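A.B. asks: Chain by chain, the residues:
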Amino acid sequence: MNLLRFVLRRMVFAVLVLASVLTITFVLSHLIPGDVIQAWLGKEAATQPKLAALTAAKYHLNDSIPVQYYYYLVNMLQGNLGYSPSRGFQPVTSVIAQTLPYTLQIVFFAFIMTIAIGVVLGVVAARYNGTVLDKGIRIFYLGAYSSPPYFIGVVLLIVLSFVLNIPSGYAANPNLTPPTAITGLPIFDSLIEGNFAYFESGLVYVFLPALTLAVATFGLLTRVARSSLLEVMQTDYIRTARAKGLDEGSVFYRHALPNAAVSLITISSLLVTFLVTGTIFVEDLFGYPGMGLYVVKALAGTDYPGIMATTLVFAIIIITTNLAADILYAIADPQIRLG
Amino acid sequence: MESDKTATKPRKSGRVTGALRALTRNKESIFGLAIVVSFLLIAAVVELSTLLNVTILPYSPTAEVAPGALPPSLKYLFGTDNLGRDLFSRIVSATPYDIAIGYIVVGSAFVIGALLGGYAGIRGGILDEILMRFTDVFFALPVLVLALVIAAVLGTGVTNMAIALMIVWWPAYARLARGEALKVAHQNYIEAARLSGNGHRKILFRHVLPNISGTMLVYATLDIGTVILVYSGLTYLGLAVHPPTPDWGEMVSDYHSYILSAPWLALFPGLVISLGVIGFSLLGDGVKDAQETR
Amino acid sequence: MKDDDGMVLRTVDLKKHFRASKGLNLSSRSKTQVVRAVDGVSLSIPAGKTVAVVGESGCGKTTLARTIALLTEPSGGEIYLDGQRIDGGRESHREVYRKLQMVFQDPDSSLDPQMKVGNSISQPLKGLTGMSDREVRKAAVESLEAVGMSEDYFDRLPRQLSGGQKQRVAVARAISTHPRLLILDEPTSALDASVQAQILRLLVDLQKKYSLSYMLITHNIAVAGYLSDMMAVMYAGNLVEYGPCSDVMSRPRHPYTITLINSAPVPDPWKRNLLSVNIKGEVPSAINPPSGCKFHPRCPYAQAVCSEVNPPLEEITPGRWVACHFVEKTA
Chain A
1 MNLLRFVLRR MVFAVLVLAS VLTITFVLSH LIPGDVIQAW LGKEAATQPK
51 LAALTAAKYH LNDSIPVQYY YYLVNMLQGN LGYSPSRGFQ PVTSVIAQTL
101 PYTLQIVFFA FIMTIAIGVV LGVVAARYNG TVLDKGIRIF YLGAYSSPPY
151 FIGVVLLIVL SFVLNIPSGY AANPNLTPPT AITGLPIFDS LIEGNFAYFE
201 SGLVYVFLPA LTLAVATFGL LTRVARSSLL EVMQTDYIRT ARAKGLDEGS
251 VFYRHALPNA AVSLITISSL LVTFLVTGTI FVEDLFGYPG MGLYVVKALA
301 GTDYPGIMAT TLVFAIIIIT TNLAADILYA IADPQIRLG
Chain B
1 MESDKTATKP RKSGRVTGAL RALTRNKESI FGLAIVVSFL LIAAVVELST
51 LLNVTILPYS PTAEVAPGAL PPSLKYLFGT DNLGRDLFSR IVSATPYDIA
101 IGYIVVGSAF VIGALLGGYA GIRGGILDEI LMRFTDVFFA LPVLVLALVI
151 AAVLGTGVTN MAIALMIVWW PAYARLARGE ALKVAHQNYI EAARLSGNGH
201 RKILFRHVLP NISGTMLVYA TLDIGTVILV YSGLTYLGLA VHPPTPDWGE
251 MVSDYHSYIL SAPWLALFPG LVISLGVIGF SLLGDGVKDA QETR
Chain C
1 MKDDDGMVLR TVDLKKHFRA SKGLNLSSRS KTQVVRAVDG VSLSIPAGKT
51 VAVVGESGCG KTTLARTIAL LTEPSGGEIY LDGQRIDGGR ESHREVYRKL
101 QMVFQDPDSS LDPQMKVGNS ISQPLKGLTG MSDREVRKAA VESLEAVGMS
151 EDYFDRLPRQ LSGGQKQRVA VARAISTHPR LLILDEPTSA LDASVQAQIL
201 RLLVDLQKKY SLSYMLITHN IAVAGYLSDM MAVMYAGNLV EYGPCSDVMS
251 RPRHPYTITL INSAPVPDPW KRNLLSVNIK GEVPSAINPP SGCKFHPRCP
301 YAQAVCSEVN PPLEEITPGR WVACHFVEKT A
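Protein chains in written order, with the numbering used here: chain A, 1 to 339; chain B, 1 to 294; chain C, 1 to 331.
None of these hints come from the bench; they were simulated from the model.
In this text, all values refer to a predicted model and were calculated from it rather than measured experimentally.
C-beta atoms are modelled at their ideal positions from N, C-alpha and C, and glycine is treated no differently.
Any given hint might turn out to be false.
Unchecked claim - Distance condition first, Cα-Cα at most 25 Å in a straight line; then the derived PhoX-like pairs of lysine-lysine:
no.: 1; chain 1: C; residue 1: 138; chain 2: C; residue 2: 208
no.: 2; chain 1: C; residue 1: 138; chain 2: B; residue 2: 202
no.: 3; chain 1: B; residue 1: 183; chain 2: A; residue 2: 135
no.: 4; chain 1: B; residue 1: 183; chain 2: C; residue 2: 116
no.: 5; chain 1: C; residue 1: 126; chain 2: B; residue 2: 202
no.: 6; chain 1: B; residue 1: 202; chain 2: C; residue 2: 116
no.: 7; chain 1: B; residue 1: 202; chain 2: C; residue 2: 99
no.: 8; chain 1: A; residue 1: 135; chain 2: B; residue 2: 288
no.: 9; chain 1: C; residue 1: 99; chain 2: C; residue 2: 126
no.: 10; chain 1: C; residue 1: 99; chain 2: C; residue 2: 138
no.: 11; chain 1: C; residue 1: 99; chain 2: C; residue 2: 208
To be verified - Just so you have them, the derived chain A footprint on chain B, three or more residues with Cβ under 8 Å:
no.: 12; region: 55-64
no.: 13; region: 135-141
no.: 14; region: 225-232
no.: 15; region: 244-256
no.: 16; region: 259-267
no.: 17; region: 270-276
Go ahead and model the full structure; you've got the sequences and the hints to work with.
C.D. replies: So this is what it looks like as structure tokens:
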């Protein structure tokens, strides 16, 4: 009951935040230099008189601001996000539908890699606290975390191109037939379909972008994992386990590790925020055709509808992740619900 | 205290020297401090030389001095780029902007955040509620994405990017200031100040701000590196500077197509960003530890 | 207690209720609970005298002090300072604070760590009087010397002082404008026993020197006995007993006062009150206080009426006031 109320409250809050983001984008669309119509068609709106008239009617751009705001919300809820000049005036919604799956793929694999690298290094650093190994890990994560993702990508490209020949510029070998959409994420769809050639190619192409993001992000996790493990090791509970005669190794892995895991949930939403933001750079660097690359192209082409829509989608992803992390954390640690 | 020999010495600058001593006890913080100081010095010297019209760079950052990309050598420390420009001169000449942006953005976020957050913290009520909900919205969006949107509205350029970063940066400081102000607001000396006939504004400036600025400064020290990192991201995306003006992030972006033929081109500017950010975060960590152990 | 002749402070049915809600409740409009921290207190403080308000922690005595000092808005009732009504913004705070000052419990928190001792003491002078900077400095030094500290301390920071010195500074700040009434909120409870005695002696001296009136908030019967002329006993937001301090201490009449005084450590055990009362249970929650007399669940004399009617504070013998239905049983 208590949990349900907490979840409900967080959900209402998430919706309110989203509504505020929508309001902000509406305000911004009116602040864009030039005609309001540019907010829906970009700077080249004048070259598309027909589309401009259609858009003005659809979004009631000749009416008062409150009326415009109402139709703005209605259109947003219906998924009408304007037309993207950097994509030949395609509806923004369909551009998002094409690009979002690739971004989610990167974030998915990068998240797994971040957790793997971050937790392993954090655990090793805590287990061998104060040794050369601990210090080496600290230097590594400090360096990685302080570097911009595009620079990490450049370094990885230089290092790995001598060893492997990893292709980039696409989400998979363009000569292969892509799978039909089932989950929407091509790599998983190809696996379900049994299209192993595409599956393999997809993994190869996603590897470097995802690894780059993971290297740029894991430091956050390692730092938290290490310090929370060390903190748990200081508690009475662990002292008791030691006093029972358990050896240091099993005290660490069987007792301290599960306890420290809870604190990692809180940071996971921060990780996702980092990864999602980072896709803008790695997709640009590796030419991976996701939403990040789209927003870079949109910025270059003053494609306002594209920029606004991608912002909205990024916000939705982050708000949902925060909500999920809040709920997970509340389940894992009942005390938080009181606060 | 009575038995402490140092207590009898004049204690006028005891705080600052004490903090410095605590800071220099840690090797990492010394390293961080060294990096930060050298970046600041380079920035100052470069800026001064432009103001005084004195050439201190080995070559002009925008002129062709060699035939195409040359690898690093004694003559061209970091090599030359695809257009034959000296990479070392380009990187050094970009220092003032990148460092200044870090300080300007953090500084203005600090001031706005401390005033708004501090006032909301001691005042409470509806104003506090509005400010907190407002910052919640900002927190739901990553700073880079928000900066991109603002960039779209304001247009590109260094000034506009600095403004965009200020707009997205102050809510974190407002949150921090508000939390710290809440702690201070429960102290009896605030009530004693009220009993001295002081209103919210006087209390904010005389008691709250002096007492919260320490914690905020520690956070700010850590934060300058982050601003530099995000700003370099904006320049990487081509939103701040326009060629041929050199900038670290923009150089990585420009040169990344030559990573196979001339890998040093993208490596050096990237390394400089990383080094600067590491310097600020090590220094920030050190300052934080020094403050906590006091 | 009707007229203000010779009374520096008078409260009439003073109330302070808090709404206990946790942040912004978006989903459920749960009924907000009310904490009755101060629930109808009428108290007078004669000029030049000390009135102690004693009670256990959580009984509302500190809230009473803060409400009287206008640090929080009263929920009901009236406050008169020197015959002038001061609550509800009827009088400017500057006017009020020129006559009323406060000394807080925790000397560490009552001085701004970033502010020099002299500036702390000067604060009320600057804020409340129209003195020039030189006059302020002179008055602040005078105040500092009045609490037994030299001018050398003027430019020190609080962390260079001991706990006792900090409390002296807090007292110096409170008396710097020569107020009529000083509210002392547990002025010595955070200090070591030896320092406690010094501060108490200082307070007695200052009272004579500046003809101050004290409202002493304390849980310590011994401190109250040392410093006070009158004693008011507070329980769960109400006064349950009031009278001359020595009377109340030697012949307590409210069952709660009896237990309170008996539980206090006394130097001479033979003086302990022979009437011993065993109480059970704990201090009631201020959110859902018991009906009727709030002490009835713990009271050995409780009858049916006690759970229905809250007894008023009545004068049983001249100068002695008790709020109990069966006060004759403790005679």
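A.B. asks: Hint by hint, say whether it matches the structure.
C.D. replies: How the hints compare with the structure:
Between residue 138(C) and residue 208(C) the alpha-carbon distance is near 22 Å, which keeps this suggested pair within the 25 Å criterion. Taking the CA atoms of residue 138(C) and residue 202(B), the gap is near 23 Å; set against the 25 Å cutoff, the hint holds. For the hint pairing residue 183(B) with residue 135(A), the CA-to-CA distance comes to about 35 Å; that exceeds 25 Å, so the pair is violated. With a CA separation close to 21 Å, the supplied pair residue 183(B) and residue 116(C) stays within the 25 Å bound.
Proposed proximity of residue 126(C) and residue 202(B) is supported: the alpha carbons are some 12 Å apart, at most 25 Å. Taking the CA atoms of residue 202(B) and residue 116(C), the gap is about 17 Å. The hint holds against a cut of 25 Å. A threshold of 25 Å between alpha carbons decides the hint, and for residue 202(B) with residue 99(C) the separation of about 21 Å falls inside it, so the pair holds. The hinted pair formed by residue 135(A) and residue 288(B) meets the criterion: a straight-line CA distance of about 19 Å does not exceed 25 Å.
Note on residue 99(C) and residue 126(C): the hinted pairing holds, with a Cα-Cα distance of about 15 Å set against a maximum of 25 Å. Between residue 99(C) and residue 138(C) the CA atoms are separated by roughly 20 Å; this keeps the pair inside 25 Å, and the hint holds. Between the alpha carbons of residue 99(C) and residue 208(C) the distance comes to roughly 17 Å, so the proposed pair stays at or under 25 Å and holds. Under the rule that three or more residues need a Cβ within less than 8 Å of chain A, the assignment of the region 55-64 of chain B is violated, with 0 such residues.
With a threshold of 8 Å between beta carbons, the proposed coverage of the region 135-141 of chain B by chain A holds, since 4 of its residues qualify and at least three are required. Remark: the region 225-232 of chain B is confirmed as covered by chain A, as 3 of its residues place a Cβ nearer than 8 Å to a Cβ of that chain, reaching the required three. Counting residues of the region 244-256 of chain B whose beta carbon lies closer than 8 Å to any beta carbon of chain A gives 4, which reaches the threshold of three, so the coverage claim holds. Check result for the region 259-267 of chain B against chain A: holds, 5 residues qualifying (beta carbon to beta carbon below 8 Å, three or more required).
Given a C-beta distance limit of less than 8 Å, the hint that chain A covers the region 270-276 of chain B holds, as 4 residues qualify and 3 suffice.
Checked against the numbered hints given earlier, this structure breaks hints 3 and 12; the rest are met.
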